[in-house]
Amino acid sequence: MTISATDQEVTYLEAIRQAMWEEMERDPAVFLIGEDVGQYGGAFRTSAGLIDHFGAGRVIDTPIAEAAIVGAAAGAAMAGMRPIAEMQFIDFISCAFDMLTNLAATQRYRTGIGVPMVVRGPSGGGVHGGPFHSLNPEAFFMNTPGLKIVAPSTAYDAKGLLKAAIRDDDPVIYIEHKYLYRRIKEHLPEKDYIVPIGKAAVRREGKDLTIITWGAMVYTALEAAEQLALDGASVEVIDLRSLLPYDEEAILSSVAKTNRAIVLHEATLTGGVGGEFAAVIADKAFDYLDAPVRRVASIDSPVPYSPPLESFFLPNKDKVLAAARDLLAY
Amino acid sequence: MPTDVVMPQMGESIAEGTVTRWIKQVGDRVERDEPLFEISTDKVDAEIPSPSAGTLVEVLAKEGDTVAVNSVVARISAEGEASAPAPAAPAPAAEEKPPAVEEPPQKEPEPAREEPPKQEPPRKEPETEPEPRPTPPPAKPAEEAAPSDDSLEGRRRSKSSPLVRKIAEENDVDISQIEGSGVSGRVTKQDILDYLEKPRAAAQAPAQPAQRAPQQAPARPSGTPQEQRPVFAAGEKVHVEPMSVMRRKIADHMVMSRRTSAHVSTVFEVDFTNVDRLRKQHKAAYQEKGVNLTFLPFIVNAVVNGLRDWPILNASIDGDNVVYKQDINVGIAVALDWGLIVPVVKQADEKNILGLSRTINDLGERARTKKLNPDDVQGGTFTITNPGIYGGLFGLPIINQPQVAILGVGGIKKRPMVIETEAGDSIAIRSMAYLSLTFDHRLVDGAVADQFMAKVRSVIEDADFAL
Numbered sequence: 001m002t003i004s005a006t007d008q009e010v011t012y013l014e015a016i017r018q019a020m021w022e023e024m025e026r027d028p029a030v031f032l033i034g035e036d037v038g039q040y041g042g043a044f045r046t047s048a049g050l051i052d053h054f055g056a057g058r059v060i061d062t063p064i065a066e067a068a069i070v071g072a073a074a075g076a077a078m079a080g081m082r083p084i085a086e087m088q089f090i091d092f093i094s095c096a097f098d099m100l101t102n103l104a105a106t107q108r109y110r111t112g113i114g115v116p117m118v119v120r121g122p123s124g125g126g127v128h129g130g131p132f133h134s135l136n137p138e139a140f141f142m143n144t145p146g147l148k149i150v151a152p153s154t155a156y157d158a159k160g161l162l163k164a165a166i167r168d169d170d171p172v173i174y175i176e177h178k179y180l181y182r183r184i185k186e187h188l189p190e191k192d193y194i195v196p197i198g199k200a201a202v203r204r205e206g207k208d209l210t211i212i213t214w215g216a217m218v219y220t221a222l223e224a225a226e227q228l229a230l231d232g233a234s235v236e237v238i239d240l241r242s243l244l245p246y247d248e249e250a251i252l253s254s255v256a257k258t259n260r261a262i263v264l265h266e267a268t269l270t271g272g273v274g275g276e277f278a279a280v281i282a283d284k285a286f287d288y289l290d291a292p293v294r295r296v297a298s299i300d301s302p303v304p305y306s307p308p309l310e311s312f313f314l315p316n317k318d319k320v321l322a323a324a325r326d327l328l329a330y
Numbered sequence: 001m002p003t004d005v006v007m008p009q010m011g012e013s014i015a016e017g018t019v020t021r022w023i024k025q026v027g028d029r030v031e032r033d034e035p036l037f038e039i040s041t042d043k044v045d046a047e048i049p050s051p052s053a054g055t056l057v058e059v060l061a062k063e064g065d066t067v068a069v070n071s072v073v074a075r076i077s078a079e080g081e082a083s084a085p086a087p088a089a090p091a092p093a094a095e096e097k098p099p100a101v102e103e104p105p106q107k108e109p110e111p112a113r114e115e116p117p118k119q120e121p122p123r124k125e126p127e128t129e130p131e132p133r134p135t136p137p138p139a140k141p142a143e144e145a146a147p148s149d150d151s152l153e154g155r156r157r158s159k160s161s162p163l164v165r166k167i168a169e170e171n172d173v174d175i176s177q178i179e180g181s182g183v184s185g186r187v188t189k190q191d192i193l194d195y196l197e198k199p200r201a202a203a204q205a206p207a208q209p210a211q212r213a214p215q216q217a218p219a220r221p222s223g224t225p226q227e228q229r230p231v232f233a234a235g236e237k238v239h240v241e242p243m244s245v246m247r248r249k250i251a252d253h254m255v256m257s258r259r260t261s262a263h264v265s266t267v268f269e270v271d272f273t274n275v276d277r278l279r280k281q282h283k284a285a286y287q288e289k290g291v292n293l294t295f296l297p298f299i300v301n302a303v304v305n306g307l308r309d310w311p312i313l314n315a316s317i318d319g320d321n322v323v324y325k326q327d328i329n330v331g332i333a334v335a336l337d338w339g340l341i342v343p344v345v346k347q348a349d350e351k352n353i354l355g356l357s358r359t360i361n362d363l364g365e366r367a368r369t370k371k372l373n374p375d376d377v378q379g380g381t382f383t384i385t386n387p388g389i390y391g392g393l394f395g396l397p398i399i400n401q402p403q404v405a406i407l408g409v410g411g412i413k414k415r416p417m418v419i420e421t422e423a424g425d426s427i428a429i430r431s432m433a434y435l436s437l438t439f440d441h442r443l444v445d446g447a448v449a450d451q452f453m454a455k456v457r458s459v460i461e462d463a464d465f466a467l
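Taken in sequence, the protein lines are chains A and B.
Here the first sequence is numbered in our numbering, starting from 1 and rising by one per residue.
Here the second sequence is numbered in our numbering, starting from 1 and rising by one per residue.
Please note: incorrect hints may appear among the correct ones.
Said to hold, decoys possible - Listed next, the in silico DMTMM-like pairs over lysine to aspartate or glutamate satisfying Cα-Cα at most 20 angstroms (straight line): (1) B:K166 with A:D287; (2) B:K346 with A:E9; (3) B:K166 with B:E197; (4) B:K249 with A:D231; (5) B:K249 with A:E226; (6) B:K166 with A:E9; (7) B:K371 with A:D231; (8) B:K159 with A:D287; (9) B:K159 with A:E226; (10) B:K325 with A:D283; (11) A:K257 with B:E169; (12) A:K257 with B:D375; (13) A:K257 with B:D45; (14) A:K284 with A:D231; (15) A:K207 with B:D174; (16) A:K317 with B:D375; (17) B:K370 with B:D349; (18) B:K346 with A:E226; (19) B:K346 with A:E186; (20) A:K185 with B:D375; (21) A:K284 with B:D375.
To be verified - Derived CB-CB ranges, DEER-like: (22) A:A256 with B:R258: 22 to 30 angstroms; (23) A:A256 with B:R29: 52 to 60 angstroms; (24) B:K198 with A:D169: 32 to 40 angstroms; (25) A:N316 with B:R248: 26 to 34 angstroms; (26) B:D194 with A:G114: 54 to 62 angstroms; (27) B:E269 with A:A256: 49 to 57 angstroms.
The hints are simulated quantities; they were obtained by calculation from the structure and are not laboratory data.
Ideal Cβ placement from N, Cα and C applies to all residues, glycine included.
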């Protein structure tokens with residue numbers, strides 16, 4: 001199985017696979033390590049075909065031991081390799097917390113030796129996966145200097161950000177969204193490209209209200225924006241793409257233009273990283289605010305397994321509309 | 001100061017009147033225009049309404065008294081007044097006890113009006129003339145620098161939001177002078193921006209009496225310099241109607257489009273005779289399928305052919321990039337009673353005449369009955385409009401951003417045309433129309449635009465359509 005031709009549309013998942021493939025071609029130091037990534041081709045088929053092409057030396061199946069996966073990857077990175085460590089579901093990254101935060105994040109600071117490692121895995125709910133298979137983990141790591149965190153929402157960004165993450169000399173947590181794997185597709189450029197870490201993208205321009213978001217919630221925001229356009233309100237949607245570092249300038253200049261802001265994320269509300277963006281807006285864009293800054297997020301609860309409860313738990317277009325209309329009428 | 005109630009003049013020649021009955025007694029509350037007393041004169045008996053709202057505090061003419069026209073027969077005190085009988089009335093003052101009316105049954109005490117609520121003599125003058133409206137006005141900080149109302153509503157009203165405060169400071173405007181339309185009467189950004197644009201001279205609302213409490217007395221000077229010439233002068237007869245959302249959006253879009261694109265137009269003359277013939281041939285058959293066959297699907301099909309040959313007319317400009325749209329989604333402008341909307345025929349290049357007809361019929365119907373979805377009006381890559389619908393020869397439309405071209409279809413009219421054949425020239429009656437293309441010269445050059453139009457014309461004139 002080779003890279004698919006570029007005259008067809010490429011799914012988000014395939015874009016990730018292409019990025020890994022192309023980087024492994026380009027740089028012999030890049031390798032993939034994780035559970036079921038080799039023989040099985042990945043629980044979601046994200047690494048289908050890789051082991052046949054690159055061999056078992058570069059596509060490594062492991063036991064169920066995330067601390068070991070990330071620890072080994074970090075060690076390899078310190079020795080000069082560029083590993084991609086896969087978490088089968090990003091929820092299991094909690095097992096590797098120590099390796100990531102105490103070791104990898106601080107290694108350069110302590111010893112001058114960088115850890116050019118990517119830890120990637122599928123996040124997010126909406127697939128009836130329940131609490132162990134639906135996490136959005138960014139808040140657990142946002143508070144750790146030394147790490148980078150990215151979360152693409154389009155196939156183009158998925159490929160470009162993964163390449164950027166692999167080429168980055170520091171540990172990057174790459175949060176892919178399982179709901180988008182096969183639902184999002186687009187034509188990708190033939191030639192090599194990256195999406196720089198730390199730059200947001202404006203998905204929709206507007207002048208009455210800004211929604212700051214990322215991942216699968218970008219599509220929820222766009223749906224709400226279309227509905228609001230029928231009401232005569234013009235909504236700007238900013239897809240952050242990178243959470244650490246994040247594009248503060250994009251956030252502030254948008255709020256300066258629209259004077260109203262909603263931060264929308266799929267992770268739960270309290271302690272979610274939305275608070276960080278709301279605080280920066282309140283601090284640095286205070287004079288531009290004509291309404292309070294509001295966050296729309298999942299309810300503070302473990303992710304429900306029951307489908308109607310999960311629908312109730314997650315943010316959706318109607319919750320965004322309610323918040324938006326509130327702010328527009330403030 | 002209490003209001004005098006006088007014996008009215010009921011006719012030119014009447015000089016006096018007799019009070020026949022007091023409907024209200026001293027101490028009674030009376031509303032403005034409420035019947036107060038009855039009189040009898042030479043010409044007519046009448047019920048006289050109260051000139052103001054308040055409490056009847058003094059009656060100077062008893063029942064049966066005849067007094068001269070315009071003499072004071074009673075006095076009414078406005079609310080909140082501590083009142084005492086007026087000294088030296090023309091007639092012996094009624095002996096009723098003075099202010100048992102200290103606390104007239106007011107609805108609410110006016111908050112910002114009096115400082116210490118009730119004290120014996122403070123003869124304040126809240127107003128020298130009768131209260132114009134009986135309903136107590138909402139807490140209006142208009143006159144005085146609002147004594148700090150520390151409630152949430154008060155703070156919203158006086159401090160509004162950081163943005164509004166910034167604008168107010170930059171323009172030297174007092175927020176409390178502005179009518180707020182936001183939460184708790186908060187002045188919003190739009191409110192203050194509208195206020196800054198409004199002409200000072202016409203502050204007294206032309207035409208309508210203010211429904212709500214007036215926001216500023218006419219004579220009040222306000223600090224803001226004029227930035228914009230007013231659209232009408234004070235006193236000019238106008239009828240002001242706020243724009244609908246659709247109208248505002250159209251207005252914004254039109255000027256934005258003109259500012260964005262380098263608009264150039266080219267006009268072609270196209271022979272529709274063959275298409276007309278085809279249309280007449282198939283109209284009945286289409287009607288049986290429930291489809292009304294017009295000229296439009298043929299034009300759309302011709303446009304699609306043109307766009308296939310000249311894809312730059314199906315593109316957009318993004319900064320320094322040309323974005324070639326891979327789908328051909330043709331928007332059709334529909335005039336509505338209340339405005340204008342452009343539903344889009346998606347993938348128009350994949351539809352035949354029947355498919356195009358059906359889609360166009362459906363979109364037009366749903367546009368007129370307001371049943372379009374957001375999806376129906378988005379994603380267009382080229383637009384067709386119909387300036388000829390009311391008989392115009394041709395139009396020069398404005399480009400529908402972010403597209404780079406728009407086709408205007410003029411009226412189809414029969415004209416004598418010269419037909420050239422090998423056997424010689426002759427004159428024939430043909431159905432002709434002017435098709436005008438407005439294009440964005442930033443991206444599309446005249447030669448390309450003309451070749452596109454030539455292709456469209458040849459497709460229509462050859463009329464080799466699959467029906």
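Going through the hints against the structure:
no. : hint                                   : in the structure
1   : B:K166 with A:D287                     : holds, 6 angstroms
2   : B:K346 with A:E9                       : holds, 19 angstroms
3   : B:K166 with B:E197                     : holds, 17 angstroms
4   : B:K249 with A:D231                     : holds, 11 angstroms
5   : B:K249 with A:E226                     : holds, 15 angstroms
6   : B:K166 with A:E9                       : violated, 49 angstroms
7   : B:K371 with A:D231                     : holds, 15 angstroms
8   : B:K159 with A:D287                     : holds, 13 angstroms
9   : B:K159 with A:E226                     : violated, 33 angstroms
10  : B:K325 with A:D283                     : violated, 42 angstroms
11  : A:K257 with B:E169                     : holds, 19 angstroms
12  : A:K257 with B:D375                     : violated, 27 angstroms
13  : A:K257 with B:D45                      : violated, 70 angstroms
14  : A:K284 with A:D231                     : violated, 30 angstroms
15  : A:K207 with B:D174                     : violated, 26 angstroms
16  : A:K317 with B:D375                     : holds, 16 angstroms
17  : B:K370 with B:D349                     : violated, 26 angstroms
18  : B:K346 with A:E226                     : holds, 18 angstroms
19  : B:K346 with A:E186                     : holds, 18 angstroms
20  : A:K185 with B:D375                     : holds, 19 angstroms
21  : A:K284 with B:D375                     : violated, 37 angstroms
22  : A:A256 with B:R258: 22 to 30 angstroms : holds, 27 angstroms
23  : A:A256 with B:R29: 52 to 60 angstroms  : holds, 56 angstroms
24  : B:K198 with A:D169: 32 to 40 angstroms : violated, 59 angstroms
25  : A:N316 with B:R248: 26 to 34 angstroms : holds, 29 angstroms
26  : B:D194 with A:G114: 54 to 62 angstroms : holds, 56 angstroms
27  : B:E269 with A:A256: 49 to 57 angstroms : holds, 52 angstroms
Of the numbered hints listed earlier, those contradicted by the structure are 6, 9, 10, 12, 13, 14, 15, 17, 21 and 24.
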